[in-house]
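Peer 1: Here is how the chains run, residue by residue.
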Amino acid sequence: MDLVTAYTGQDVALVLIMLLMLALILGFIAGSSLILIWAERKVAARIQNRVGPMMTGPRKFAEFSMWTGGLLQTAADAIKLLVKELIIPSKTDAIPFIAAPVLIVTVCVTAYIVIPFGPAFSVSDLNIGVVHVVAISSLTVLSIVMAGWSSNSKYSLLGGLRSAAQMLSYEIPLIFALLGPILLAGGLSMQKMVLAQREYGCWFLLPSLLGFLIYYVASIAEVNRPPFDIPEAESELVAGYVSEYSGMMFAMFFLAEFANMFLVCSVAATVFLGGWLVPFMPVPDNPTPVYILLGILTFFLKTSFLVFIMMWIRWTFPRVRPDHLMNLGWKYLFPLSLLNLLICAGIAVLKDVYKLNGWGISLASLGALAMVMLLLQVVRIPRPDTFLEKA
Amino acid sequence: MDLIKKIPAYVERIPNGGILMTGLDWVLNNAKASSMWYMLFGLACCAIELMATGASRYDFDRLGMIFRATPRQTDLMIVAGTLTLKMAPRVKLLYEQMPDPKYVIAMGGCTMHGGPFYHDSYSVLKGVDKIIPVDIHVAGCPPRPEALMNGCIALQDLIRGEKVGRKRDRPGLRHIDPATNLPLLVRPDTGLIRPNQIIMPDQLRVLS
Amino acid sequence: MTESVFFYLLSGLVLSSAWSVVRNENLFHAGLSLILCFVGVAGIYMNLDAPFLGAMQVLIYAGAIAVLLLFGFMLTHDLMKARHERNQHLAGILIPVLMALLLVGTILNAQWHASSGQPVNFGVASLARRYMQQDLVAFEMVALLLLASLMGAVVIARKEEGSRE
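Protein chains in written order, with this note's numbering: chain A, 1 to 391; chain B, 1001 to 1208; chain C, 2001 to 2165.
Hints in this document: simulated from the structure, not taken from any laboratory.
A few of these clues could be false.
Straight-line alpha carbon distances no greater than 30 Å define the calculated DSS-like cross-link-like pairs of lysine-lysine that follow [stated by the list, open to error]:
#, chain 1, residue 1, chain 2, residue 2
1, B, 1086, A, 91
2, A, 154, B, 1092
3, A, 154, B, 1086
4, A, 91, B, 1092
5, B, 1130, B, 1092
6, A, 60, B, 1163
A partial selection of chain A residues facing chain B, derived with a Cβ cut-off under 7 Å [said to hold, decoys possible]:
#, residue
7, 51
8, 52
9, 53
10, 76
11, 79
12, 80
13, 83
14, 84
15, 87
Pair ranges (Cβ atoms, derived) [as the list claims (entries may be wrong)]:
#, chain 1, residue 1, chain 2, residue 2, range
16, C, 2009, A, 284, 40 to 48 Å
17, C, 2142, A, 82, 46 to 54 Å
18, A, 376, C, 2113, 52 to 60 Å
19, A, 330, C, 2048, 35 to 43 Å
20, A, 31, C, 2029, 33 to 41 Å
21, A, 342, C, 2095, 40 to 48 Å
22, A, 342, C, 2127, 19 to 27 Å
23, A, 316, C, 2072, 32 to 40 Å
24, C, 2140, A, 85, 57 to 65 Å
25, C, 2129, A, 292, 29 to 37 Å
26, C, 2147, B, 1051, 48 to 56 Å
27, C, 2156, A, 82, 45 to 53 Å
28, C, 2135, A, 326, 32 to 40 Å
Idealized CB from N, CA, C, for every residue including glycine.
Extracted from the complex, chain A is given alone in its bound form (with noise of 0.2 Å):
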């Protein structure tokens, strides 16, 4: 147990306590996704102007309103991949083919230790939080190649190509609209990030707003979902790098999609949107289970509230070709977080210096950003439909 607690600088008593909140988190993430599978649908029908599923689940609730009918619909689903025939083609590489699947949620689930989901309400509070998210995160590209390698099927091998190099590329502005924040809040802790948005009085909306639209954009890159999708479209590449995988594996990374949305969105919400911190009330010192309970409801809040834009960015707008997203990340959000990262630290040193309160900050972070429209203006970057002609 010395590795846990090493890794956590915990005692080792808690060790157990932690190990029951790990099992919780593997409920949470199975309960979350089979809620936003549904979700999704629903979300996707009113957009579409369907009604969505309907059939499955209480008739009651259909009955009440059609926008809450087909409640079971996730959990017949699952049900129904479960009882499928796994099929495992002669000519895979079997070891990667069934290691893929189990890597992805593994590393998903790994990665939900650090988030706080309320005041003292994380498995483990690492001192190393953000780096974690990023670090474990990126081993997901990993199970991603080796599925697409070893199904042996072109369509998996291009899907997983193409994920590769848009993960890659989009790590990095990722990890560069994080470090705006990371410089505000002085260090990589979680529940630190929320504590010093408590302090500055202000969420990291404001001080770093570039940094939080790159970070959205980016992250959606990084779950491969629309208009990001490009490494499983349909339309070229049969389902990408899962199209050989059927029943429970397909089921695996389905779940890990819907995780990995939920995950993103909760570290979006964490460090830009205050996290447990409810608006418009004074935090105690020592949060009161009253205050713990609305922390808890308010971080989840936040995150649903992302995670549904999310949901109406998918079935809105349509795919983008791999060059213009390559294009997009190394040419415009790649530069535009460092810029963030300068107005970060130029409001770091505002609040050290000049002992701003949060309505100061939130001016100067206004003002910083007025600035970068001008300059934008100035410059005049050349725009995206400059590199539509030439190609």
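Since the structure of chain A is already known, use the hints to place chains B and C on it.
Peer 2: What follows is chains B and C alone, placed relative to chain A:
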């Protein structure tokens, strides 16, 4: 091994013992029936109606049906359109790539007996059940989305009647009348197949 | 006690996966073993109370460099044949033996101080202070080196584009 195969039957014979198996049956069958993911492929004009059924006015998603582009993740193959002889091996390959349990809906006249190409076409397969077992035939040229949806509901009823561990009753391959060389697809009550009519497998009768 | 058990487990993992990297006939499997090796090294870092270093090892080596390596494998034509055409057994044996001699010599000659004090809390902050204050010049030199290699890559990429037109 024989004993293991007989276990469901024994359990059902015990008074109240049937609850166990019927409960399991109910859960599994309802799960299978309410998430039939269909394969994204169309062969001819019936595919247009298939797309219309998936779109917002009719909405397959109400039944929990979504399309998957790869056969490895599908449960249901909707053969929508004229199946030519050249395409037939591909369709058979796709069917074989699907994992069990798998179901087939033959949509439209062409897939039942060649449809308009029945009499004088050298290149059309006269009935898709010559190569793959079909669970539900949906008549029509092409069938309206309501008919296709009704066919899917009929398939759901078929799935709900399955038993765990028992082999599914599948309609066999096509019977051909040796005298006229015609496929024998006749409803028992009227003797005719009307457009947009759903035909359950047990309603097919071989005429001699 | 448990610390050393973990150390031996992780060392076993690192050594066996490293052996697999060298000896595996399948290049893709060798690449995967390399990643396993990197992850094992990260585990050793974490066992030694350096979680930041471990996370960075996972992020940079396992998550980025090794995946780029696999990416290269996937783009290589006739990957499986390339392995058998080489005939560099002599160099392949000589270099590791020399390396091993060097390492063993260093280890035997070094003076190992066993400190009785508590281990310092080796956090990110102390690392940052070290980089930004004490070793600033070396840090900047490394940055300059990276910049130079980046520019070199740009020059090479540019040339290819010009020659195609």
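Peer 1: All hints are to be evaluated individually against the structure, with a verdict given for each.
Peer 2: Against the structure, the hints:
In summary, the hint linking residue 1086 of chain B to residue 91 of chain A is supported, as the alpha carbons are separated by about 26 Å, within the 30 Å threshold. Distance check on the hinted pair: residue 154 of chain A and residue 1092 of chain B sit about 21 Å apart at the alpha-carbon level, within 30 Å; holds. Our distance criterion of 30 Å between C-alpha atoms is met by residue 154 of chain A and residue 1086 of chain B, whose separation comes to about 23 Å. For the proposed pair residue 91 of chain A and residue 1092 of chain B, the alpha carbon gap of about 20 Å is at most 30 Å, so the pair holds.
Simply put, residue 1130 of chain B and residue 1092 of chain B have alpha-carbon atoms about 10 Å apart, close enough for the 30 Å limit, and the pair holds. Simply put, residue 60 of chain A and residue 1163 of chain B have alpha-carbon atoms about 28 Å apart, close enough for the 30 Å limit, and the pair holds. Checking residue 51 of chain A against chain B by beta carbon gives a least distance of about 6 Å; that is within 7 Å, so the hint holds. This hint holds: residue 52 of chain A has a C-beta 5 Å from the nearest C-beta of chain B, less than the 7 Å allowed.
Annotation: interface hint on residue 53 of chain A holds; nearest CB of chain B at approximately 5 Å, less than 7 Å. Among the interface hints, the one on residue 76 of chain A holds; its C-beta lies about 4 Å from the nearest C-beta in chain B, closer than the 7 Å criterion. A cut of 7 Å between beta carbons decides the hint on residue 79 of chain A: the least distance to chain B is about 4 Å, and the hint holds. A least Cβ separation of about 5 Å between residue 80 of chain A and chain B falls short of the 7 Å threshold, and the interface hint therefore holds.
Hint on residue 83 of chain A holds. Least Cβ distance to chain B is approximately 6 Å, under the 7 Å limit. Interface hint status for residue 84 of chain A: upheld, as the beta-carbon distance to the closest one in chain B is roughly 5 Å, under 7 Å. Below 7 Å, beta-carbon pairs count as interface contacts, and residue 87 of chain A has one with chain B at about 5 Å; its hint therefore holds. A beta carbon spacing of about 44 Å between residue 2009 of chain C and residue 284 of chain A agrees with the range 40 to 48 Å that was offered as a hint.
As the Cβ distance of residue 2142 of chain C to residue 82 of chain A is approximately 52 Å, the hint placing it in 46 to 54 Å holds. Between residue 376 of chain A and residue 2113 of chain C the C-beta distance comes to about 56 Å, which sits within the given range of 52 to 60 Å. One distance hint, 35 to 43 Å for the beta-carbon pair residue 330 of chain A and residue 2048 of chain C, holds here, with the actual separation near 36 Å. Between residue 31 of chain A and residue 2029 of chain C the beta carbon distance is about 36 Å. The supplied range of 33 to 41 Å therefore holds.
For the pair residue 342 of chain A and residue 2095 of chain C, the beta carbons lie near 45 Å from each other, so the given range of 40 to 48 Å is met. Between residue 342 of chain A and residue 2127 of chain C the CB atoms are about 22 Å apart, so this pair conforms to the stated range of 19 to 27 Å. Hint check: residue 316 of chain A to residue 2072 of chain C, Cβ distance near 36 Å, so the stated range 32 to 40 Å holds. For the pair residue 2140 of chain C and residue 85 of chain A, the supplied restraint of 57 to 65 Å holds, since their beta-carbon distance comes to about 60 Å.
Remark: the range hint 29 to 37 Å for residue 2129 of chain C to residue 292 of chain A is upheld by a beta-carbon distance near 35 Å. The hint said 48 to 56 Å for the Cβ distance between residue 2147 of chain C and residue 1051 of chain B, and at roughly 54 Å that hint holds. For residue 2156 of chain C and residue 82 of chain A, the hinted distance range of 45 to 53 Å is satisfied, since their beta carbons lie about 51 Å from each other. Checked against the given bound of 32 to 40 Å, the beta carbons of residue 2135 of chain C and residue 326 of chain A, roughly 35 Å apart, stay inside it.
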